[in-house]
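Student: Sequence:
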Amino acid sequence: MAMPQNSTRENGFCFIQTLDFSHPSPRPGDAGQTFSAASGRDGCGTPLSNGIASSAVPSPSDSCAEPLCSTTTGEEETRFEEGIKYVSAEGEELACGWGGFTPGCLQLCNTSKGVLFFLCVASFLQGMTVNGFINTVITSIERRFDLRSYQSGLIASSYDIAACVCLTFVSYFGGNGHKPRWLGWGVLVMGLGSLLFALPHFTTGQYEARSAAEVGVCGGNQSLPCSQAASSLSGYRFVFMLGQFLHGMGATPLYTLGVTYLDENVKTNYSPVYIAVFYTAAILGPAAGYLVGGMFLNIYTEIGREIGISPENTLWVGAWWIGFLGAGAASLLISIPILGYPQRLPGSQRYIVMRVSEAHQIKDGSHKKASDPDFGKTVKDLPRSVLLLLKNPTFIFLCLAGATEATLIAGMSTFGPKFLESQFSLSASEAATFFGYLVVPAGGGGTFLGGFLVNKFKLRCSGIIKLCLLCTVSSLLAILIFFIHCPNMPMAGVTQMYDGSALPGGHLNLTAACNAKCGCLQETYSPVCGSDDIMYYSPCHAGCKKVSEKLRNGKKVYRECSCVNRTLLPGPGDAEAGKCTSSCAKKPLLLCFMFVVILFTFLSSIPALTATLRCVSDRQRSFALGIQWIVVRTLGGIPGPIAFGSMIDKSCLLWQDQCGEQGSCYVYQNSAMSRYTLIAGLVYKVLGTTFFIVACLLYKPPPPESAPGSSDASENGNGDLQGHKPSLPAEEDI
51 MAMPQNSTRE
61 NGFCFIQTLD
71 FSHPSPRPGD
81 AGQTFSAASG
91 RDGCGTPLSN
101 GIASSAVPSP
111 SDSCAEPLCS
121 TTTGEEETRF
131 EEGIKYVSAE
141 GEELACGWGG
151 FTPGCLQLCN
161 TSKGVLFFLC
171 VASFLQGMTV
181 NGFINTVITS
191 IERRFDLRSY
201 QSGLIASSYD
211 IAACVCLTFV
221 SYFGGNGHKP
231 RWLGWGVLVM
241 GLGSLLFALP
251 HFTTGQYEAR
261 SAAEVGVCGG
271 NQSLPCSQAA
281 SSLSGYRFVF
291 MLGQFLHGMG
301 ATPLYTLGVT
311 YLDENVKTNY
321 SPVYIAVFYT
331 AAILGPAAGY
341 LVGGMFLNIY
351 TEIGREIGIS
361 PENTLWVGAW
371 WIGFLGAGAA
381 SLLISIPILG
391 YPQRLPGSQR
401 YIVMRVSEAH
411 QIKDGSHKKA
421 SDPDFGKTVK
431 DLPRSVLLLL
441 KNPTFIFLCL
451 AGATEATLIA
461 GMSTFGPKFL
471 ESQFSLSASE
481 AATFFGYLVV
491 PAGGGGTFLG
501 GFLVNKFKLR
511 CSGIIKLCLL
521 CTVSSLLAIL
531 IFFIHCPNMP
541 MAGVTQMYDG
551 SALPGGHLNL
561 TAACNAKCGC
571 LQETYSPVCG
581 SDDIMYYSPC
591 HAGCKKVSEK
601 LRNGKKVYRE
611 CSCVNRTLLP
621 GPGDAEAGKC
631 TSSCAKKPLL
641 LCFMFVVILF
651 TFLSSIPALT
661 ATLRCVSDRQ
671 RSFALGIQWI
681 VVRTLGGIPG
691 PIAFGSMIDK
701 SCLLWQDQCG
711 EQGSCYVYQN
721 SAMSRYTLIA
731 GLVYKVLGTT
741 FFIVACLLYK
751 PPPPESAPGS
761 SDASENGNGD
771 LQGHKPSLPA
781 EEDI
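Under the numbering used here, the letters of the sequence shown match residues 51 to 784, in that order.
Treat each hint with caution, since some may be false.
Said to hold, decoys possible - Using 20 Å as the maximum straight-line C-alpha spacing, the simulated PhoX-like pairs for lysine-lysine come out as follows: (1) 506 to 317; (2) 567 to 595; (3) 441 to 750.
Hints were generated in silico from the structure; no laboratory data involved.
Based on the sequences and whatever the hints tell you, model everything.
Tutor: Right under this line is the structure:
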């Protein structure tokens with residue numbers, strides 16, 4: 051007697067199962083009755099009452115609280131006390147391995163925690179590379195390859211451009227395919243992108259940083275012939291863009307298929323915690339990238355070569371390329387275990403059949419189409435899938451809210467270190483380290499805390515959106531801190547005249563009577579800090595005639611500087627290499643509120659992602675995340691760095707002059723930089739708040755009577771079973 055069964059159509063998953071009554075001794079009247087699975091699509095015709103099976107003859111030993119199935123390697127089955135044997139008839143290989151190589155030791159990792167570990171490592175490497183190393187070394191790359199901020203913004207945006215190109219294809223077909231294989235190959239491509247990003251270091255000539263001792267002092271050899279090779283280095287930005295494009299291609303499955311793979315293989319109430327841990331690793335990655343990248347920037351880019359400048363010198367270029375080599379090799383290695391995971395984990399089916407739908411209810415009922423087990427398996431269903439998502443206003447406004455948050459995150463993560471470098475007069479490595487100290491507790495802690503709060507308070511979809519709204523309003527208030535800023539360190543000829551008076555009309559004037567006979571070149575930018583606490587463009591522009599053989603605080607000292615006034619004794623003063631130290635009293639307050647902005651921005655990330663997963667049908671989750679990422683990257687991730695880069699360029703006071711070509715910016719106007727950051731922050735935070743409000747107001751949950759049970763009961767694995775005890779169909783119904 052064949053009895054095909056289906057898990058449940060509401061969840062959009064069709065599993066063909068066998069119900070087999072196997073008793074130690076046959077019962078009277080049961081002789082000759084056997085149950086076997088039908089094959090083919092007909093097996094989806096009769097639902098299994100949300101995955102619950104019970105015998106036709108109840109007995110005291112019946113327990114509807116028993117788990118639906120328990121798993122052994124390679125097969126899933128559940129034995130109820132009355133002898134009902136539940137066996138998956140999909141013929142699906144659930145062992146961990148590569149092809150026929152499935153050793154038993156690997157099965158220890160064939161669990162949701164094992165998958166979480168390897169995906170966390172992959173997301174950590176992705177975050178460390180794309181959002182850590184690149185943002186840390188962006189100033190060094192600009193200096194090494196003569197790039198402007200908007201060009202480096204294009205490099206950062208290439209990642210999101212690649213993601214937009216690949217997201218539809220990957221999320222639609224990967225969502226219905228073998229997710230771990232898509233994930234593994236993606237991580238491998240990401241590793242190749244990291245290796246390509248480091249390639250320009252090995253294909254260009256050695257970096258020639260003229261020390262101030264060679265051409266900088268007054269009366270020295272000021273000849274500095276233009277190098278055609280140096281002026282053509284900006285063409286390497288296309289290699290960096292290609293490397294970032296591969297990063298984007300490889301990371302596309304990670305944050306779409308990776309999230310849904312975790313969500314499908316754990317309990318509903320554990321899903322936000324698993325996803326939060328996954329995203330926390332992705333946040334800690336950039337933090338590690340800032341810290342480790344900052345350490346690498348203290349190593350000269352041409353390792354082993356002696357040079358007469360220190361990391362504090364603006365001509366210094368650190369070993370920006372080392373991190374990409376290590377991250378690329380690690381990504382290639384971690385892709386191997388990910389490729390070995392099965393399409394779904396053993397035991398995951400019982401979580402799927404007990405899930406309670408919270409999908410937004412469309413008025414015309416078209417959302418029910420997504421429950422068809424065959425929906426979304428062919429290309430012809432792609433337009434219908436897109437249309438269903440476009441009819442979901444909650445999903446649309448969650449996407450728009452995510453785009454506004456992504457704009458700020460992308461812009462600030464790319465140029466945040468540069469903001470600190472300018473405001474607090476830090477070196478590139480010091481700024482990267484400072485920013486890392488902010489991101490580690492604020493970004494990582496906020497990400498994990500967001501998932502924890504959703505799980506702790508058992509929030510449903512509407513409650514999750516309200517939590518996102520609260521976080522956005524909090525960060526909106528904190529961003530007002532950018533009303534204040536640290537004043538620029540006084541710089542002769544750039545922010546003030548050499549005698550301390552204001553510049554006429556704001557125009558640069560690097561020549562004064564004290565250095566007129568020195569013949570200083572504007573191409574030689576090597577700032578020094580005079581004993582009068584004023585910065586000078588170079589030792590030559592400070593009128594320095596001698597270089598001391600002894601270092602002071604590890605820095606080179608220049609003597610007899612005619613433009614530097616001595617504080618106590620008459621006569622020329624001296625100067626130290628590097629920028630003057632900032633003594634801004636607003637520094638602690640600014641850092642504190644930046645911490646709050648980062649904390650609440652990332653605190654809403656996991657709740658917003660969880661709300662997206664819950665407001666759509668189960669079968670559309672991967673595709674919905676893909677579409678959301680397209681919107682987020684198109685409207686946020688791509689224009690974010692470009693817009694912030696162009697905005698920061700407007701606040702530039704002093705541009706590099708490389709053989710008549712305008713290069714990177716040397717000095718920024720701090721007040722203008724803070725003002726532009728404040729305007730951008732207010733605009734996008736207000737938009738984000740508005741979008742979350744609209745998403746919450748338009749959300750229409752399923753009616754209570756349509757839900758198979760309460761959320762808590764379903765998540766605990768027994769509420770749905772106790773509330774519904776259907777009998778097996780009678781023989782005439784079969």
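Student: Find the hints from earlier in the document that the structure breaks and name them by number, from lowest to highest.
Tutor: Checked against the structure, no hint fails, so every one of them is satisfied.
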